[in-house]
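The listed protein sequences correspond, in order, to chains R and Y. Counting with the working numbering, you get residues 370 to 832 for the letters of the first sequence. Counting with the working numbering, you get residues 65 to 1179 for the letters of the second sequence.
Everything labelled a hint here was simulated from the structure, so no lab data went into it. In this text, a Cβ means the ideal position worked out from N, Cα and C, and glycines have one as well. Mixed in with the good hints there might be a few duds.
Said to hold, decoys possible - Listed next, the stretches of chain Y that the computed footprint assigns to chain R, with coverage defined by at least 3 CB atoms under 8 Å from CB atoms of chain R: (1) 524-531; (2) 832-842; (3) 945-952; (4) 1093-1102.
What the hints assert, rightly or not - Computed from the model, here is a short list of chain Y residues facing chain R with C-beta under 10 Å: (5) 739; (6) 740; (7) 741; (8) 922; (9) 930; (10) 931; (11) 956; (12) 959; (13) 1004; (14) 1006; (15) 1013; (16) 1033; (17) 1053; (18) 1058; (19) 1129; (20) 1132.
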Amino acid sequence: MHQESAIREPLILGDNVTYHQITEDIARPIEGKANKWWYLVFGIAMAAFLWGFACICYFIGTGIGAWGANKTVGWAWDITNFVWWIGIGHAGTLISAVLLLFRQKWRMAINRSAEAMTIFAVMCAAMFVVMHTGRPWLDYWLFPLPNQFGSLWTNFNSPLLWDVFAVSTYFSVSLIFWYMGLIPDFATIRDRAKKPLAQKIYKILSFGWSGRARDWSRFEEVSLVLAGLSTPLVFSVHSIVSMDFATSIVPGWHTTIFPPYFVAGAIFSGFAMVLTLLIICRKVLGLENYITIKHIEYMNIVIIVTGSLVGVAYLTELFIAYYSGVMYEQYAFLNRATGPYWWSYWGMMTCNVISPQLFWFKKIRTSIIATFILSIVVNIGMWFERFVIIVTSLHRDFLPSSWTMYSPTFIEIGFFIGTIGFFFVCFLLFARVFPVIAQSELKMIVKSSSEKHRKINKQNQHH
Amino acid sequence: MGTTKKYWKGLEELNNDPAFVQAQQNEFAEYVPVEKFLENDSLKDTSTSRRDFLKLFGFSITAATLAACEAPVNKAIPYVMKPEEITPGVANWYASTYFDGNDYCSILVKTREGRPIKIEGNEMSPITRGGVSARIHASVLSLYDTGRITGPYANKAPSTWETVDKEIGAKLSAAVAKGGSIRILSSTIISPSTKQVIADFISKYPNTKHVTYDAVSYAGIIKANAQSFDKAVLPSYSFDKAKVIVSVGADFLGSWLSPIEFTKQYSKTRKLSREKKEMSKHYQFESILSLTGSNADKRFAVKPSQYGTVVVNLYNAVAKLTGGSAVASGALPIDAQIEKVAKALVDHKGRSLVVCGANDIATQVVVNSINTLLGNYGKTVDVETPSYTKQGNDEQFISLVNEMKEGKVGALITYNANPSYTSPAGLGFNEAYAKVGLKVSFADRLDETAMNADYVCPDHHYLESWNDANPKAGHYSLTQPTISPLFAKPRNEGTRCAQETLLKWAGNESDFHSYIQKYWSSHVFPMQGKYMTFGDFWNHSLHNGVVEVGSGEDAKMAMGQDSSNVNASAKPEVAHKTTTVGGGGMFAQEVEVEVKEPKLSVAEAAQSISKSAKAGNIELVLYEKTGMGNGNQANNPWLQEFPDPVSKVTWDNYITMNPEDMKDKYHTLARYNQMEMKADTANVTVGGVTVELPVFPQPGQARGTIGIALGYGRTGAGMVADGVGKNVFTLAQVVNGTIQYTVSDVTVSDKTGNEHQMACTQTHHTMMGRSIVKETDLTTYSTQPVDVWNEKLLVTLGDKHVPASQSNLWADHDKPGHRWGMSIDLNACIGCGACVVSCNAENNVPVVGKEEVRRSREMHWIRIDRYYSSDMTVEKADAEGKGVVDKYLEMENPTTENPQVFFQPVMCQHCNHAPCETVCPVLATNHSSDGLNQMTYNRCVGTRYCANNCPYKVRRFNWFNYIENDKFAEVNPSQNDLGRMVLNPDVVVRSRGVMEKCSMCVQRIQEGKLNAKKAMKKLEDGAIQTACSKSCPADAITFGDLNNVESLVAKEVEDERTYYLLEEVGVKPSISYLTKVRNLDAEDIVMHEEHKPHHGGEEHKEEHKEEHKKEEAHS
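The following block holds chain R by itself, in its conformation from the complex:
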């Protein structure tokens, strides 16, 4: 058994943590009944989702003229929300894949829900990208289909096509990776299930997992392979999303800094979203022993790093605009800061650059309330970032004769709220029927990193 330094803080708290106790704790929300809070939150989320669904039906029926976009600002909330959701979907795979490769054990308590969040966020993002087109029923033309569908081929020069590949690949790999991890845990639940229906469902879900050494060895191998596959995807997806902008000629979009800047921003917002969700989860599901202050602090540190990266990127953009001497570029950035949408720019700057710096204070980064608030602030800031990039760049580009303003309609606000509703509906269902913490993985570190075993070890050494 791998032994850890005693001065490291334990990753699992509590004096009575046993393998069985972990199983009990994690199976509790699945086997027990939900409390009224769950029903309340689920009800609100469901209402939001249904409202969004109604809005979707309306604009699919009449046309996306129901939104506020116009001849100059062709993309607005649709792509802002798409990029925002894709960004949020970044933390999951980063935590499960990159941190797995780096053997970061603290990831084990959070990776399951982070991955779930990734899946749901990418689904929300996909809704925007699918439905932002004028004729969504023809979206399948974006795939290079065989000739039976017509003799036209797709345009491989178009970053939108790259997007299709990048997002779909990312989604499928993330989904498989997530599901892989779930199999042993499903088996545990299957074995504990008393109702025949639940037994049957979890039996199917667990793919006949038997827990033999061969199963475990394959499990480990596939996890590693998938982690290796996902790691480049973490960087590719948002790089490619950024190329929608970077390869165009719109002042404020045409920037080579975008790929790394977008990836940093994505991790930044993804971690913030994971924090928002986990802080609620640990409280509601009583998982304080597994998701500890230490976890929150680690994630806050990631937020400081990526937030600062994003800040540097903002300043670099400004400097390059000044240094390039390109009139249009200079005006685009001046307009961001002082034009009619100044509030979104300064909102972005405050939320994304200034607010995460508060985490330098240990008191703040270990405070649950402060973290919770700041995690939401960061996500608001990241939404503003996309809004600033998309709308403020487009609304005043080359020819002043075409400059316009943009404001959303209640239909597209409804669409956005609907995706938030969808996300929470999914997440809440997930928390009730799936094990929210990777218990089998967590059990691997009970002996090495739990508070209880630390104490036992200590006693043993004294003896």
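Here the structure of chain R is known, so what remains is to put chain Y in place on it, guided by the hints.
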């Protein structure tokens, strides 16, 4: 069928011989050995099994079924009898004439399968010379207007012609019997045959008088000419012969008299080339910023009450220089400038022109005197060839209204006039109208007048009727029907030609077509000597649409004959006194012009002007918009959605006010939100009539004045027009016997507290220091090397600076055959927007309505960008050390006092490295081998990425299904079957969710190429014209093949004024622009030059380049 004849196949049948009878009963003529065939053993060896049979059987049935299942089922109904001249898919063109009582234009009508779908200019017309205006382009849609009534109305209920004719006939006779007078009130009639019809009517009912009245009156000029020359006529003007043009309040390019004709002439003097480096100089004095004023080289903002004084002071200044005597006049702050204008005029004696838009006799008399002093008569002003397009006589109209008030009018027939809408409130027409015994209207809809009429007898649309026109002395043209009347129903309903109606009531049953022919054979045919027979003459006239009956002696004779058009108030006998005008100067030529001693001397006129010129606190100008005109076509959605050339506002009229006035005088109005397009309203009160309208900040509006456009606020015009804007004809005033469209003192109250949403297509008005419209002045242009005024863009390639044209990020597309391109002359373009409506009609551009325009979703494929100069420039900010934020904020504000105006037509630039093409994921937009950037609508998914990446923002997205969504039922003509008839069948109607944009009229290109191929000829330059290039009355757009070095466009692109819009982006557009050149005064150039490097001549060229580069680096 009915025949009982019997035929035999042969003698055998006739004879009925038994062998034949037997043979006839056999099914097969010869014996078929079926049994033998089946007995053949080899058949059993064939491999066709039962299974195979069933397979084939099943396949055949399935295939047949599938083939029958084609959906949707489209029914094409063929002609039972194909008309000789109609070939489906091939357009027919007919020459015709447009005249609506206001605009005259000789046109060609394009019909497809019997439907008129497009209007083009008739190049054979010596008057309009192929020019067409926005209104006339739009008139084809007015044919398919659902607002038209489909039959006669009696007492506000649909009726039949039989009843109407009977009742009106009886009532007319009764009125005559009672001794009541009959009056025909019409707008200007230039049709000699129609005048003859009215004469016939008068001879039947001798108590009848014909009163002519124009919605916008020009009676002042006509009367002034009666004063000056004893000729109550409107002269012809030749702007093309004028080197110096001075206009006082006359918007001659937009609305004054004959804008199409004048635009053609004007643009001739503005065009420049390597060979012709001189252009006219245009001064404009005006209150509103008109289309003409925006094109002026020098513009002075004056109040309308000062028009008279400006004219008198100009007269004095000219008189001083030519040795005449001055008359008493008031002083103006711009007197020094007026003297300079006078100097320029006198320097170009006989080659100058002074016009004035005031409908005031005294002012016009002084204008006449100025032109006389300058010797312009017979050169740029021609009273010998008068124009007949405006014959309204305000005095007669006013006395008619008085007669009506007194109850003396037994019957009033209104023809092509809508006095309830267009007369000033002060006249009280509506009250007077109620007192008329019998009210008959020929209106095509239940408009303001027809609504209260006893009988409405709808006239045909001009595209359905025969007519003729005599717009000018010696010029005749014909209107011919291009479709049989749309509302000609059986059972005596439908529309009927107004002339035929009148003839019928006069007891003449002849149809108007033969009536015109008869008239022409006796009146017009004898005036010419070219054709021997009338049939020949008629056919040629009809084919060409226009006839010029000789020049010189012929014309004189013609003039004598078409005296029907000379206003009745003119004295027939004129004591001609021949004088010599324009003496002294080196340009003076002795020309005989009949000048009568003016009855109203200049001194008297000046006195009258100074008496009536009362300056008010706020003065009002009522004007006609370039698109809307006097509002007779207000129910035309193309015109409602047409952005005003200057304000860029659609679907509204509004109060134009100088932004400084808004700030100084009305604090609440200063809240105008440019970006949100929200305006506060104000009440304008004139003589007890109050109109509430939004206030729109208009740079260049004279301080202390406001302007409001006529033609809005219709009721009963139809669902498009009703409720849009407010009617301000009511605010016009009757002064000195003429209707005045300026009011010297109005009350403006901003205390309404209401907000109004405007719909502008452009919310930013300056170029923000970017060189979007390149501009220089004439002196610099003609004396300096090209690098000084049209600096070539240099880019860094490696370590060298090379012209941008040489750097290429991509491989060039192959253009083996044609390479289509355009050159747009920004010096010729006056911004009138005729191209916009022409493109609408040609390319089935959807109308989206006010709400969507407010959301910046207008669909126009071509737009005219209009920029104002700003007080703040990059150079000025640098000199003053302004902060960068302040600099740009101030640059956003146009000069309020007197901005320079720039017009720039922008359509898809058909980039050779099109940024839209690379980003489309489904290749829906791609490049053709002849240089077009083309849209494949049915491949488009609608990501709108292309629109985002287009630096020119010319791509338009179908946000809704405009032709079916109920939201657009009131505005989009394609929502009903009638309006859909105007659609061009060569251009697909785009579905929702699809991107569209200018296709460079690819359907016309294909047609032209095919025609050349069929004729086995090389494609000639100019054989293909796009809708915009063809329609441009200023000839500013040249389209052609850039690969053909002989083509006009290839030559224009070689011009040194050529530049490309946003060349620095590197997209290599196929559209090029020619730098605008202003004919500036010397002192203005000095100001202008301050920001340019000093330059000597050719030898210092290199040095300048260096300096420019340095400048570029600084900026």
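Against the structure, the hints come out as follows:
1. 524-531: violated (count 0)
2. 832-842: That given contact holds, which follows from 4 residues of the region 832-842 of chain Y lying within Cβ reach (below 8 Å) of chain R.
3. 945-952: Since 3 is at least three, the answer is holds.
4. 1093-1102: violated (count 0)
5. 739: 5 Å, holds
6. 740: 7 Å, holds
7. 741: 9 Å, holds
8. 922: It holds, given that the least Cβ distance between residue 922 of chain Y and chain R is near 7 Å, below 10 Å.
9. 930: 8 Å, holds
10. 931: With a minimum Cβ separation of about 7 Å from chain R (threshold 10 Å), the hint on residue 931 of chain Y holds.
11. 956: 8 Å, holds
12. 959: 15 Å, violated
13. 1004: This interface hint holds because 7 Å falls under the 10 Å limit.
14. 1006: 2 Å, holds
15. 1013: 5 Å, holds
16. 1033: The hint is violated - residue 1033 of chain Y has no Cβ within 10 Å of chain R, the shortest such distance being about 14 Å.
17. 1053: For residue 1053 of chain Y, the interface hint is violated, since the closest Cβ of chain R sits about 15 Å away, which is over 10 Å.
18. 1058: 6 Å, holds
19. 1129: Result: holds, 6 Å to nearest chain R Cβ.
20. 1132: For residue 1132 of chain Y, the interface hint is violated, since the closest Cβ of chain R sits about 13 Å away, which is over 10 Å.
Of the hints listed earlier, those the structure fails to meet are numbers 1, 4, 12, 16, 17, 20, in rising order.
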